[in-house]
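A.B. asks: Chains as they are written, first to last, in my numbering: chain A, 1 to 440; chain B, 1001 to 1317.
To be clear, the hints were calculated from the coordinates, so they are not data collected in a lab. Careful, some of the hints might be misleading.
[To be verified] Going by beta-carbon spacing under 8 angstroms, a handful of chain A positions derived as facing chain B:
id	residue
1	14
2	15
3	18
4	94
5	182
6	258
7	278
8	320
9	322
10	325
11	333
12	383
Glycine is no exception: its CB is placed at the ideal position from the N, C-alpha and C atoms.
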Amino acid sequence: MSFSWAKPYEPKSPFMRWLDERLPLPRVVYGAIGGGYPVPRNLNYFWNFGVLAGIFLTIQIVTGIVLAMHYFATTEGAFNSVNQLIMRDVNAGWLLRYAHMNGASFFFIVTYVHIFRGLYYGSYKAPRELVWMLGLVIYLLMMATAFMGYVLPWGQMSYWGAQVITGFFSAFPIVGEPLRVWLLGGYAPDEAALTRFFSLHYLLPFVIAAVVILHIWALHIPGSGNPTGVDVKDERDTLPFHPFYTAKDGWFAGAVLLLYAVVTYFAPNYLGHPDNYIPANPLATPAHIVPEWYFWPFYAILRSFTFDFILPAKLWGVLAMFGSILLLFFLPWIDKSPIRSGNYRPMFKRFFWLLVIDVLILGYIGGAEINPFNIALGQIAAAYYFLHFLVILPLVSRFETPLPLPNSITESVLGAEAVETAPVASKKKRGGTIASATAE
Amino acid sequence: MVRVIGFLVGLVFAGVLLISLITGFATYLKNPPAPLASTEFHKAPRPLHLASDGPFGKFDKRQLQRGFQVYSEVCSACHSMNLVSFRDLKGLGYNDAEIKKIASDWKTQVPSINPDTGEAATRKALPSDHIPAPFPNEVAARAANNNALPPDLSLITKAREGGAAYVHSLLTGYTNEVGYKNDKGEELLKKFPDAKTPENLHFNPYFANLNIAMPPPLTADGQVTYEDGTKPTVEQMSTDVAAFLVWTAEPNLESRRAAGLAVVIFLLVATVLAYLAKQQIWHGPRNYVMGETGPLDPENKAKTRAAERKAGVAGEA
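The task is simple: from the sequences and hints, build the whole structure.
C.D. replies: Below is the structure:
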């Protein structure tokens, strides 16, 4: 799609030719993830995580569809259908459920690595702004899906998590409480909430799959980024996706699935909370209500606002929590540095690693018990999160002196001398020597 | 414009957080949080080692049977086991006849309907029945237990922090509140004179708020008589029932680990092969250029065939 030297699809059999002339689906697949998609030759292993996210989405959809065959979406039956029917009586039901439970965690792990890869290598910058924003849409859909999925077993954390998270809406003045009641279908989570969460939990993964297609489509217009952030100049800079990146993704997917299998088979409840093995009880509040680990950084931001400054503290918390994700949509315009890759941005690089540490601290605080020290640490970390994106990044992009960029991807891989001797199949001359990224 | 608005939003959020931090600090200085007896005198569970521990552990079936005996003779007076059916007891090594007998001898019968009159009645349990609960409903359970509800034990080792070790520590951890000291050597009633255990509750430092409604269930050695000759000390009975409760919470534990081992070995081999394939493919990409075609592409195949024909070698059809 993107480069003139991309190899066109050539049907290898009469049947494929017949099909290609009527429905060019093989052509689309070949151009998207086959030999017809030229990819920068210098990608490192952080570029494997998008494919991994796709693998975990598939695992979630397949295990989820089978689990739904045995699940009862009623407040009376939900807990037992999961913990008795599926875990004990359905053939390999325990495997389906543990694979789905931990599949969600691994989906988030690989997605977080994928997002931070984008943050470090400036994947959100022109011309890939829409790729980034569609990715954030996927992330928001994932969060909604994961939250509703966690409610389905109707354990204590399911129930109280639903209570707390839908309670966010009641923080908004006037419309908040009616909105919450409308969303839940009642004054507290009950049958109506459970059945609609189940319905939406089944729907949203397919919406995610659709947005994933848009995400990949938007990516394939400019083509993949790369660790230098320098644009592709000629065909020496690229390799066909297949077989090079299918092979690289393939073995790495095996390695990550190995880790996933170890957790699923040998420590399936390690990432969960014991309270969710207690049936939901609207009359008994758990001592510590915490969401699943992948929401902890946002939960920490929510809890950090403890003072009613003009607005109620709860409203500040909710605004900040939604704001912490929404601000990422504006990142392409907040960070105006024309250099994409953090490798050539010495100041940015330091602040980036500070952000990583900051988010890890927020994650720890979100899951930890509330005490004065944790609250104070969470407040400092939450403040840095906003300062990083909204204050530090624009300033850094203005005052930083970037390191010199390599002339081309090939040069960054092979060194300048080898570029002269490397064969060129096309008659096209190499483009200008200054990275087009700096010219923007 | 985006950056200016963002800048202001960032400063506002950070500012409100700073105010929260300062007011929080001021509150902390003015009235520091009072220490709580339930945090300072709570004990973490004692370590417990069971045959089913570790990635390759297997259940000790004789121990599970002893634990089931403790459950059925002691715990089941108050605690239900709703998720376990009698037929599941096959996992403890009982045969069909034994399970049938256990079910029909169970002290609580199963609610049913009188076939002649249609009135509510009870019948003996069958292997297909779930283990009947001691109380017909929550109100009855609370009425018989000073308004406390004995939790269902099916999932208890997964539903409590510490699992089997917690169960074991709780069962054996009852002690006299008077003179009780924590690990720092502080005495509870000296530091918190108000922390006296209320009437009808029982002091147990392993319980979250130190006072539990359940009276000590295992009180004396020899409370049950083991058929296999194991000495039924309180420690032994408690360990056995904890092991049994690991099984009730996770009856598929052994098959899960066995399947896991096979999956891990398979994935290891597959990953190594895939890695070698990747190494092979990436061996020469330095000189690889997209436009080139491989020996199996149709045009090159045709060339090969033409050359073979020219040379008089019988090419493949």
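A.B. asks: All hints are to be evaluated individually against the structure, with a verdict given for each.
C.D. replies: Verification of the hints:
| no. | hint | in the structure |
| --- | --- | --- |
| 1 | 14 | violated (12 angstroms) |
| 2 | 15 | violated (15 angstroms) |
| 3 | 18 | violated (16 angstroms) |
| 4 | 94 | holds (5 angstroms) |
| 5 | 182 | violated (29 angstroms) |
| 6 | 258 | holds (5 angstroms) |
| 7 | 278 | holds (5 angstroms) |
| 8 | 320 | holds (5 angstroms) |
| 9 | 322 | violated (12 angstroms) |
| 10 | 325 | violated (13 angstroms) |
| 11 | 333 | holds (4 angstroms) |
| 12 | 383 | holds (4 angstroms) |
The structure fails to meet hints 1, 2, 3, 5, 9, 10 from the earlier list, while all remaining hints are met.
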